[in-house]
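Participant: I would like the entire structure built from these sequences, with the hints used as guidance.
Protein chains: 2
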Amino acid sequence: MNAIFIYIVAVAVMFTCCKEAPKNNLSVDAKAIFPKGQLGATENFTGNAWNYGLVANDTAFTTLVGNVYFEPGARTNWHIHPAGQILVITDGVGYHQIRGQPVESIRKGSVVKCPPGVEHWHGASADTGLHQLYIVPNTEKGIVVWNEKVTDEQYKGH
Amino acid sequence: MNAIFIYIVAVAVMFTCCKEAPKNNLSVDAKAIFPKGQLGATENFTGNAWNYGLVANDTAFTTLVGNVYFEPGARTNWHIHPAGQILVITDGVGYHQIRGQPVESIRKGSVVKCPPGVEHWHGASADTGLHQLYIVPNTEKGIVVWNEKVTDEQYKGH
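Sequence order for the protein chains is A and B. Each step along the first sequence adds one to the number in full-length UniProt numbering, with nothing skipped, and position 48 is 48. Each step along the second sequence adds one to the number in full-length UniProt numbering, with nothing skipped, and position 66 is 66.
To be clear, the hints were calculated from the coordinates, so they are not data collected in a lab.
Treat identical chains as interchangeable: a pair holds within one or across any two.
PhoX-like, lysine-lysine: derived pairs with alpha carbons at most 25 Å apart:
id: 1; residue 1: Lys36; residue 2: Lys108
id: 2; residue 1: Lys108; residue 2: Lys31
id: 3; residue 1: Lys113; residue 2: Lys36
id: 4; residue 1: Lys36; residue 2: Lys149
id: 5; residue 1: Lys113; residue 2: Lys156
id: 6; residue 1: Lys113; residue 2: Lys149
id: 7; residue 1: Lys141; residue 2: Lys113
id: 8; residue 1: Lys156; residue 2: Lys108
Facilitator: Next up, the structure:
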């Protein structure tokens, strides 16, 4: 009887230990669709933003596609895409702002359209990273013009 | 002692039942990024393919973006995009074939570029569904020209 009791306790403890771990920021990387890629240049980003190119610019598609993973708190500088940009958020939580408009919250499933020639920034929330696909169409018109950093006051202005 | 024994058995059974369910096709839907959307027309698809539009065609971006979830076994007809198509696979397993070339396996993280004017088909594997983002650039050149169905022999030819 004692042997059975000890066995049952052992089974109970085993299943307790094998429960799914609580979700945290580390789990975001584990379920990412793409590798992290290259760390973005410090002159164009605040914090760590990792770029993984998916479709290089060419004359057949004139479309640039890639993935950026923004670590919590990371964001782009203000910048302009001469032909506009489409963002598809595949996981996490973050922000997007067009110059002169309120900051908008974005998260898994959000789609952002920033019109041609309009200044904007985007990045992760303070607590949770952001996985975003970017699509830059009509690259014959230009890809990106980088401007100044998004200040902490602008970032926190949401 | 009997009461404790029954309690321990109950705990053991509880944790056994609460373990993460085995992955199956249903779990693919649970972790999808987008809603399923509209069922594709039977004249253009074999099986169930669900389309969820993300960016409608317009003159500012001239780029069509959306998500298709192919249920296991589902696939497009043969078709042509006059300006080409980019596919980004966000989950699942499937196939892509350009006319005259071997069938290629695609899965989470795969990126497919089908050149302008080239005939192709794509869809899910027989056992696992496929979640794909599609990007059709330069829509002023046309979006899609649908052709005949992919036969079971062509589908199984991988």
